[in-house]
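Letter by letter, the chains look like this.
2 protein chains.
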Amino acid sequence: MSKKKNAFYAQSGGVTAVINASACGVIETARKNKDKIGKVYAGRNGIIGALTEDLIDTSKESARDIAALRHTPSGGFGSCRFKLKSLEENKREYERLIDVFEAHNIGYFFYNGGGDSADTCLKVSQLSKSMGYPIQAIHVPKTVDNDLPITDNCPGFGSVAKYIALSTLEASFDVASMCATSTKVFVLEVMGRHAGWIAAAGAMASDENIDLPIIVLFPEVKFAKTKFLKAVKEKVQKYGYCSVVVSEGAHWPDGRFLAEQGTRDAFGHAQLGGAAPVVANMIHEALGYKYHWAVADYLQRAARHIASKTDVEQAYAMGKAAVEFALAGKNSVMPTIKRTSNAPYKWTIGSANLSRVANVEKMMPASFISKDGFGITKRCRTYMEPLMRGEDYPPYHKSGMPKYVQLKKVPVTQKLKPFKI
Amino acid sequence: MSKKKNAFYAQSGGVTAVINASACGVIETARKNKDKIGKVYAGRNGIIGALTEDLIDTSKESARDIAALRHTPSGGFGSCRFKLKSLEENKREYERLIDVFEAHNIGYFFYNGGGDSADTCLKVSQLSKSMGYPIQAIHVPKTVDNDLPITDNCPGFGSVAKYIALSTLEASFDVASMCATSTKVFVLEVMGRHAGWIAAAGAMASDENIDLPIIVLFPEVKFAKTKFLKAVKEKVQKYGYCSVVVSEGAHWPDGRFLAEQGTRDAFGHAQLGGAAPVVANMIHEALGYKYHWAVADYLQRAARHIASKTDVEQAYAMGKAAVEFALAGKNSVMPTIKRTSNAPYKWTIGSANLSRVANVEKMMPASFISKDGFGITKRCRTYMEPLMRGEDYPPYHKSGMPKYVQLKKVPVTQKLKPFKI
Chain A
6 MSKKKNAFYA
16 QSGGVTAVIN
26 ASACGVIETA
36 RKNKDKIGKV
46 YAGRNGIIGA
56 LTEDLIDTSK
66 ESARDIAALR
76 HTPSGGFGSC
86 RFKLKSLEEN
96 KREYERLIDV
106 FEAHNIGYFF
116 YNGGGDSADT
126 CLKVSQLSKS
136 MGYPIQAIHV
146 PKTVDNDLPI
156 TDNCPGFGSV
166 AKYIALSTLE
176 ASFDVASMCA
186 TSTKVFVLEV
196 MGRHAGWIAA
206 AGAMASDENI
216 DLPIIVLFPE
226 VKFAKTKFLK
236 AVKEKVQKYG
246 YCSVVVSEGA
256 HWPDGRFLAE
266 QGTRDAFGHA
276 QLGGAAPVVA
286 NMIHEALGYK
296 YHWAVADYLQ
306 RAARHIASKT
316 DVEQAYAMGK
326 AAVEFALAGK
336 NSVMPTIKRT
346 SNAPYKWTIG
356 SANLSRVANV
366 EKMMPASFIS
376 KDGFGITKRC
386 RTYMEPLMRG
396 EDYPPYHKSG
406 MPKYVQLKKV
416 PVTQKLKPFK
426 I
Chain B
6 MSKKKNAFYA
16 QSGGVTAVIN
26 ASACGVIETA
36 RKNKDKIGKV
46 YAGRNGIIGA
56 LTEDLIDTSK
66 ESARDIAALR
76 HTPSGGFGSC
86 RFKLKSLEEN
96 KREYERLIDV
106 FEAHNIGYFF
116 YNGGGDSADT
126 CLKVSQLSKS
136 MGYPIQAIHV
146 PKTVDNDLPI
156 TDNCPGFGSV
166 AKYIALSTLE
176 ASFDVASMCA
186 TSTKVFVLEV
196 MGRHAGWIAA
206 AGAMASDENI
216 DLPIIVLFPE
226 VKFAKTKFLK
236 AVKEKVQKYG
246 YCSVVVSEGA
256 HWPDGRFLAE
266 QGTRDAFGHA
276 QLGGAAPVVA
286 NMIHEALGYK
296 YHWAVADYLQ
306 RAARHIASKT
316 DVEQAYAMGK
326 AAVEFALAGK
336 NSVMPTIKRT
346 SNAPYKWTIG
356 SANLSRVANV
366 EKMMPASFIS
376 KDGFGITKRC
386 RTYMEPLMRG
396 EDYPPYHKSG
406 MPKYVQLKKV
416 PVTQKLKPFK
426 I
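Protein sequences, first through last, are from chains A and B. With the working numbering applied, the first sequence corresponds to residues 6 to 426, in that order. With the working numbering applied, the second sequence corresponds to residues 6 to 426, in that order.
Among these hints, one or two may not hold up.
What the hints assert, rightly or not - With a straight-line cut-off of 30 Å between C-alpha atoms, the simulated DSS-like cross-links for lysine-lysine are:
| # | chain 1 | residue 1 | chain 2 | residue 2 |
| --- | --- | --- | --- | --- |
| 1 | A | Lys8 | A | Lys134 |
| 2 | A | Lys403 | A | Lys90 |
| 3 | A | Lys413 | B | Lys238 |
| 4 | A | Lys90 | B | Lys295 |
| 5 | B | Lys96 | B | Lys335 |
| 6 | B | Lys227 | B | Lys425 |
| 7 | B | Lys403 | A | Lys403 |
| 8 | A | Lys232 | A | Lys134 |
| 9 | A | Lys422 | A | Lys134 |
| 10 | A | Lys408 | B | Lys295 |
| 11 | B | Lys37 | B | Lys8 |
| 12 | B | Lys295 | A | Lys414 |
| 13 | A | Lys413 | B | Lys383 |
| 14 | A | Lys408 | B | Lys403 |
| 15 | B | Lys403 | A | Lys343 |
| 16 | B | Lys227 | A | Lys295 |
| 17 | B | Lys9 | B | Lys243 |
| 18 | B | Lys238 | A | Lys88 |
| 19 | A | Lys37 | A | Lys408 |
| 20 | B | Lys96 | B | Lys425 |
| 21 | A | Lys425 | B | Lys238 |
| 22 | A | Lys422 | A | Lys65 |
| 23 | A | Lys367 | B | Lys403 |
| 24 | B | Lys243 | A | Lys413 |
| 25 | A | Lys295 | B | Lys90 |
| 26 | A | Lys238 | B | Lys425 |
Note that these hints are calculated values from the structure, not bench results.
Make a model of the complete structure from these sequences and hints.
Here it is in structure tokens:
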């Protein structure tokens, strides 16, 4: 077996418009360093691909297809919601990981995900110490929720923010046209279980260029029905209409979500959806306004067609930096985005120890939410605006559809016995 | 009073991503013919602006702002849902219209809307005969529903179709990434009460470039639950996941909509919304698949950021043609889009008598829906593809938000007594 180690790369958790741009950064940078790094094997469906020895040989993908990942949304290699238990609880899985890494000469582990995934990456990074297997594990940050600590922002967030701000702007223009005789209130439900970053983006639709009546319902602020209805009424009286951006995580003072479906995902998080119709009906019942509501759901995090240029560049840069960190001998770290200046916006690449990242959720600072609890402050605007900046359009077919790539995903020949998760 | 007559322009019904492009076509063409046509007065909030003598003097808007209408979604002058009753039922309103037209020397009436609006335009066009007031009324076609007769397609449809096809593509990529361990079914609810044109656009996401498992629920096809669930199961078994595009007008065999909210709009149409969660829950209960659902609502018809180039060009051309028709002495007509060739796609401008347009709803041809009732035929693709072709991006601010225009909307001095509708 050669001394040159292969790399493992996998995508984890909810995908984004730009996680593939990070994959592109990892693979293109590894290809540029063929003297130091072997093949990049991608896990089919995240860490599950490692456990089941279901590896994809990315060397079989053309340079053109790998480059196209940069403008393709979703997780090109498949993602998963699966969190490794602790070494004490499930030693079997760690032993299996080592078997697979050993069988395929894997010395680098790149894991592209959010807070839960950083925890998995941390556990893998400790295999050298805990199980005697030499591996360097680097976490590549990704989450639309923007809730990873230390890094100034997370790749994936800028694009979802741009999509939500833009959609709120466009829908507000629509309802403004109709409000004299028809719809007066538009309610848009957005993602963000615990942190209101995405909801805050709705407020970015109203700025120094265009003044719009927007009310945001944050997960950070306990829902106050009377105060909310009063605010809606005031906006409608002043502007003729009102747009409400409600986070899926908005909740009553007793902690119940405005809309809880009662089901839970693999991480045990409540699966939400349906806050928009609840809020719309509440307004209609109390104030009699005609309403429309929308639930953006996957559309918001898959909207590569209107991705932010800043976001695409940073997602790529994080993938590239992860490989460079590995080649520099680092382990158990995550590249971060360090903001060095607001005007002009400037950023560089930093580094965070995974022990400080795993399972830590960064909330919106209280100073980002306006005093009435329904909007954002200037400080929040200063933070968010550069992240949404610039358009990075994908190329299009003549038919009017974007040229998103579906990879060949050629499997690596298996060498081990099957493993049951 | 000068011999040169002024024009009245108004927007009616649900707005679209490109109705302002038609407004731009009307106003710019009128400005180019200042020797023959006076000012263009826009009705604030559609025909209501005419009845209440609430006119906007478009000559006060800069050439730059009028040009910006071409890339701004929604109805820049305000729209309305208001249908004139028959002359016999409400002579008072017609007399008022004539008073307003006379007071402001209006000889041209441009009405930009769908089937209900064509009926209003037809009634106005008959004022010469019925009430002795000389006016030329031209209808400018607009509707996301694509349900106007005679014209090959309606401005507004191509852009909503592009948005729905693109959103279905992006969300399908997302669910494909997640399906191994999480979401297996994504349901997107789209507009279209009686005609399945918009729902059909969802099926356009799967084409010769990319094969996706998409099931469409059309309003033209009675919902067959058992057959539908079987189709979903088959797609999930084959692809690992499935996307469902459900029209708000999808209904049970007895005629009940899959989701009816029980309220009605000003035209008496049932106000819908919520078919997506109904379908998603149905799948979960029967097959146990984890699901996500989205309701696009206003986002789809306001999505100027990803408007189809064909659509923008045609919307502008319809506004331009309407003024040219008026200057050529026509009355009671609507410019139409005539397709003269599929490959390459070519179209010219035709003309339809309003008596043949008003209150006539064009359904999807049966030959456009696949045999199983869940998809579209090649014939449908050939029809739809050129309408979605090309990207017509708006300009953007440095902040990452599009430069949509809010007009000054300077009111014309009122000359008459107030009028109560």
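Hints violated by the structure (numbers, ascending): Of the numbered hints, 2, 6, 8 and 17 do not hold.
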